[in-house]
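Enquirer: Each chain is listed here by its residues.
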Amino acid sequence: MSVPDYMQCAEDHQTVLVVVQPVGIVPEDQFFRIYKRIVSVSQVSIRDSQRVLFIRYRHHYPPENNDWGDFQTHRKVVGLISVTSCTAAKEWPQTSDRFHGQKEVFGSTLYDSRLLVFGLQGELAEQQRTDVAFYPSYDDCPDVEKRVEDFVESIFIVLESKRLDRATDKSGDKITLLCVPFEKKDFVGLDTDSRHYKKRCQGRMRKHVGDLCLQAGMLQDALVHYHMAVELLRSVNDFLWLGAALEGLCSASVIFHYPGGTAGKSGARKPGVSSAADAGKRHRPGAQEVLIDPGALTTNGISADTSAEIGRAKNCLSQEDIIDKYKEAISYYGKYKSAGVIELEACIKAVRVLAIQKRAMEASEFLQNAVYINLGQLSEEEKIQRYSVLSELYELIGFHRKSAFFKRVAAMQCVAPTIPEPGWKACYKLLLETLPGYSLSLDPKDFSKGTHRGWAAVQLRLLHELVYASRRMGNPGLSVRHLSFLLQTMLDFLSDQEKKEVTQSLENYTSKCPGGMEVISLPDGLKLPPVPFTKLPIVRSVSLLNLPVSLRPHKVKCLLGQGMSTASPFIYSPITMHSRGDERSKKIDFQWVQGDVCEVQLMVYNPMPFELRVENMGLMTSGVDFESLPAALSLPAESGLYPVTLVGVPRTAGNITINGYHTSVFGVSSDCLLEGLVGVKSSGCMVEVVPSLPRLQLCTSLPRSAHLSSEDLSTSVSLQLFNGETQQLTITLENIGTETLNTLELTSKTLSTKEKLFGEFVSWDLQDALSHLPLKSGQSVSIPVNISTKLDFSGQENLLHDLNDDGISVTGLPVSSPLRQVLKPRSENKPVGSDASKNEYNHVKTLEAVLTFKYSGGAGQVEGYYRELSLGVRVDVEPSVFFTRVSTLPATSTRQCHLLLDVFNSTEHELTLSAKNNQDLVLHASECQRMAIQVDKFDFDSMPVTDHDALRLSTVRQQEEKRQQVQGGLINSTLDIRWTISSLQRDGEASVEGVLNQLILDHLQLAPLQWDVVVNGAPCDCDVVADCRVGDAVPLEVKLTNRSKSAVGPFSLTVVPFQDYQNGVQNFDLQDAVTFIGSNTFYIDTVNPTENSVCVGALLFLYTGDFYLNIKFQDDSTSRDLPPAWFCLPSVHIKAQEPIEAAA
Amino acid sequence: MAVCIAVIAKENYPLYIRSVPTQGELKFHYTVHTSLDVVEEKISGVGKALADQRELYLGLLYPTEDYKVYGYVTNSKVKFVIVVDSSNASLRDNEIRSMFRKLHNSFTDVMCNPFYNPGDPIQSKSVFFCAHTLSIFYVTIH
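Chains A and B, in that order, are what the protein sequence lines are.
Just so you know, we're using the working numbering here: the first sequence kicks off at 7 and counts up by one.
Just so you know, we're using the working numbering here: the second sequence kicks off at 92 and counts up by one.
This is chain A alone, in the form it adopts within the complex (with noise of 0.2 Å):
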């Protein structure tokens, strides 16, 4: 016997084989479907009693094995069922043979046959046989099961009667000795009559007959027999049958034990109906066993109805027990190499019965044995059976590494190089059913997360041999798949050399199959997941990327800011919404446009030893048409974080979440979510695409410049001017995107500058421009800005200081003077300390403002977004001119004054300097000149403030300075000073804005109190002359206007009249030539705000000459809380004449 039946299991004692098979040519297809149908047939209720006989059912059976059935009945093929398709009745009688010929092969043994007919119909068909059974088809027959049954009730018939027959076969009548096929020739020539041959002949025939009541359904009985079978066995050394009567002892307790059966077929095997019987009778471990003595039976005392039931249940083996004489029953095997098969197959079984105990630890050294065991050549087959066997008996026992090991064994098996036909599919399949003891899934996901699993060496290994069968296999699309899942889930585990190997092959794969996304299905069902790449390269991050400053989408600010209006009833929460989920899933809060390019930027390295060439990359998205604009790169070995930044444009409006992106590697292509990714930083996937908006481009008439520092602009511009010059700047935008734009803005903003600048910077007229608008796509529009420099024109004084006040004009300075070198533009090294005020002369200023153009149209106008575009401006100020000290002088006229102004020219060019009303004044470079303008007096209090500037600034001092400078505009736009450079054919203004100090304002301003004075009816002023005649009364009025915001006064003037000698010698002593008629003082009471007082007097002049009248104040202590500019009185000049002439 050669060939072991690796199913075996301890219940498989208590069956009775039966043979199938088909008879002639029966389609395979059609042979299973009966055979099928025989085998449910597996248990038959004995009529008459409550025994249950069971069969196996074997398709293929080797006659050798059956001549062991002497040795273990169950191996004794007892049934023949054959099948054979008969289509004419001809065939018949060669059927009919052939069936006879194959029940001769088990002739010896055959307790029955049976013929089942297929197809044959007539009168041959008619007649009633049992052995041979006719159907008129494989479809049409309805009562095979029947038939079978019927079947197994003639085997047990015959089977109870050679029970019986043996059972009570001891009356003294010479008992045959049973023996295995190769003890035959050993037993030549033994002395039959010997006791102890006898005996032996005795207990083999008690093992056997425990076998038979096994097999008949009578376990307590088999349990007896073979009780006493190892009695006698033992006391003769019969070690074989000893072995056997054990394994039969150890069979019967386990059917007892375990009705379920051991085979782990699940519900394979209903509980039989004896076994239920006593399943109340349960052997409970520990109990005492009480052995029922084998010479207290009756000869026949082995029928069902005798022997107590006392001892019933002792009779059993403990689980305990089981195990031990399983031992030892293979101990005993052991010494026979012949019985090999026998002894391998008993480790089988008491595995099987171990695994059941859950006793793994011992179950494996039966394993362990049975793996040494020997059973001389072994074909392929063979071989490849016994390990996928020890492997499911490892899975059994858990031990699933083992188990894993034994069946890759098995699978290299399959393909070993002695067998000429290599079962690829076969190695491919049991390669994958190690994949769980390797604990090795092929889903990527399951690897992805913290450390790696398992035992990489050996899956290494196996993913190697899955990519190599697979190949062999002829299915490139399964060696791809494997060869990348070993990439990406052993990369940590690669050395450089297997890095390169691996690519290179996968390489050559997808050469002919590119991988893909798909998922692989097995033709046994089991399912590839696809691979992504997320390691070829590795993403660190992944950020969403506003869009260019000037294509970003904004709100209209509606009341309810965005977004607010829903989530919360407070316009203001200090809590802030915990939002608990996903990071990922946050939404940013900048916003994408429909048909903009939208750039996601990733971080990422190549973890390769090469050059890592990533084809198609791009984006995955949802939420939103999204085209996907794939990028290729080339990552060098090794790199460190690299930025790739992935294009797109958003076809629609919505939300648009950024689920992950796909590559293309060593062509393989891979989906990669970023929500099986680790250690990949996010700032949010999630952003809204806003309908789309027009673009504009903007152009401007001035060369391009670099960017400003401070600002995010998409253009700017720089000029350089002189200070007080104006430039006129035209700016060009062009409709490139395709929407219509509808509406445009534009506002400024000057940046914040230490320099103190005066007027409008930039100024524009939009009017035109906006009468184009709509503005259709591709079509422009131009708009011109004025940008004009008009900074502090002041210089300090201290530097000039060789401008004498005497001295009207300085022509130029001293080639020594250091101020002369210092003229000259000098960029470099600022002098340090008292110095860096020097350079202040030629310093160039620069002044920044922002032009921003907000626009929209298009669908995004609906919705309320514009855009904005900016345009920098970067004005160098090159000085110009400079006032370096501002004087007045008093005008002949109080109501008038003259400005003197020390005006520097800066710049390296001759400069025309002109002013209203005045001639122009030529200054070469570097020269300084004064300039006097006569100017009337302002009248600051008349003009117009409005009134919200004044509430808005706050403090005094802003006001103040707030006054100041409207009364500065108000002086220069009088003065109007303009300088003109011809050479350069520029020209520009001057402002004296930032020169005034308060004195000079003081100076240039109306006093509040104003004071009339009239001399005989006519108002006199500084240069006018009143004329009167002597001794004519010359009334004289002084009039007193109080424009002040108080009541002022009382106040008491002095007229004081004096004569000037145009010598510097003026003579008060004139009371001989002047008298006055009343009082030379008056007397004004308090005046009210705007309201005036007047008091009049009158002069006599007695001699004729020229008479000037001072009027005073007389000391009072009201008046010394008033500036004296306010006590500015019009000295009088009088004529008094003869009045003789007068009358000639």
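Worth flagging that the hints you see were computed from the coordinates, not collected in a lab.
Note that the Cβ used here is the ideal one computed from N, Cα and C, for glycine as well.
Among the clues, some could well be false.
Stated by the list, open to error - Over 10 Å on every C-beta distance to chain B, these chain A residues come out as not near it, computed from the model:
(1) Ser-445
(2) Ser-645
(3) Glu-751
(4) Gly-1103
To be verified - No farther apart than 20 Å at their CA atoms in a straight line, the calculated lysine to any residue pairs in the SDA-like style are these:
(5) A:Lys-364 with B:Ile-134
(6) B:Lys-133 with A:Leu-402
(7) A:Lys-364 with B:Glu-132
(8) B:Lys-159 with A:Glu-371
(9) B:Lys-133 with A:Glu-371
(10) B:Lys-101 with A:His-406
(11) B:Lys-118 with A:Arg-467
(12) A:Lys-343 with A:Phe-245
(13) A:Lys-341 with A:Pro-187
(14) A:Lys-451 with B:Tyr-104
(15) A:Lys-42 with A:Met-13
(16) A:Lys-451 with B:Glu-102
(17) B:Lys-101 with A:Phe-453
Once you have looked at the hints, place chain B on chain A.
Expert: Frame of chain A; chain B shown alone:
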């Protein structure tokens, strides 16, 4: 003497494995890997009864044709496996125990290293030297 020693993490992946260089390394990988079945079985069997004063030394895990595989489990479920040549009959249980004790000490040293990240494969020299003292490479020297 020993032909292979292995340190296996709680999660059953190798932290350290060294074998006699003359023989296939993969073979020992398989041997040690399959021995984990027995280790697990032993731990689960013992764990219930004597969780506290458990013997760390597991004894012979299983014999193969050429080797004997011994196991040892620390309280933190880190496993040590030593494979010895089965032809070497002179080796006693006590000697195996002392080998494990040495290995455990070296492993403790490794764990004390502040630069060692638990769970990473052990690169430390300390275990390597231990491997030497256990005469892993005895065969090659002779």
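Enquirer: For the pair supplied as a hint, Lys-118 (chain B) and Arg-467 (chain A), is the alpha-carbon distance within the 20 Å limit?
Expert: holds, 11 Å
Enquirer: Checking one constraint from the list: CA of Lys-159 (chain B) to CA of Glu-371 (chain A), max 20 Å. Satisfied?
Expert: Holds, at roughly 14 Å.
Enquirer: Would you check the hint for Lys-133 (chain B) and Leu-402 (chain A), treating anything up to 20 Å between C-alpha atoms as holding?
Expert: Holds, at about 17 Å.
Enquirer: Holds or violated: Lys-451 (chain A) and Glu-102 (chain B), Cα atoms, limit 20 Å.
Expert: Distance ~18 Å between Lys-451 (chain A) and Glu-102 (chain B) Cα, so the pair holds.
Enquirer: When you look at the beta carbon of Ser-645 (chain A), is every beta carbon of chain B farther off than 10 Å?
Expert: holds, 24 Å
Enquirer: Do the alpha carbons of Lys-364 (chain A) and Ile-134 (chain B) lie within 20 Å of each other, as the hint requires?
Expert: Holds, at roughly 14 Å.
Enquirer: Taken at face value, is the distance from the CA of Phe-453 (chain A) to the CA of Lys-101 (chain B) at most 20 Å?
Expert: Roughly 17 Å between the alpha carbons, so the hint for Lys-101 (chain B) and Phe-453 (chain A) holds.
Enquirer: Check the non-interface label on Ser-445 (chain A): least C-beta distance to chain B beyond 10 Å or not.
Expert: violated, 7 Å
Enquirer: Would you check the hint for Lys-341 (chain A) and Pro-187 (chain A), treating anything up to 20 Å between C-alpha atoms as holding?
Expert: OK: Lys-341 (chain A) and Pro-187 (chain A) at ~16 Å, within 20 Å.
Enquirer: Would the least Cβ to Cβ distance between Glu-751 (chain A) and chain B come out above 10 Å?
Expert: Holds, since 60 Å exceeds 10 Å.
Enquirer: Need the status of pair Lys-343 (chain A), Phe-245 (chain A): alpha-carbon distance at most 20 Å?
Expert: holds, 13 Å
Enquirer: What's the verdict on Lys-101 (chain B) and His-406 (chain A), does the C-alpha distance respect the 20 Å limit or exceed it?
Expert: Roughly 17 Å separates the two Cα atoms, so the pair holds.
In summary, the structure is inconsistent with hint 1 from the numbered list given earlier, while agreeing with all the others.
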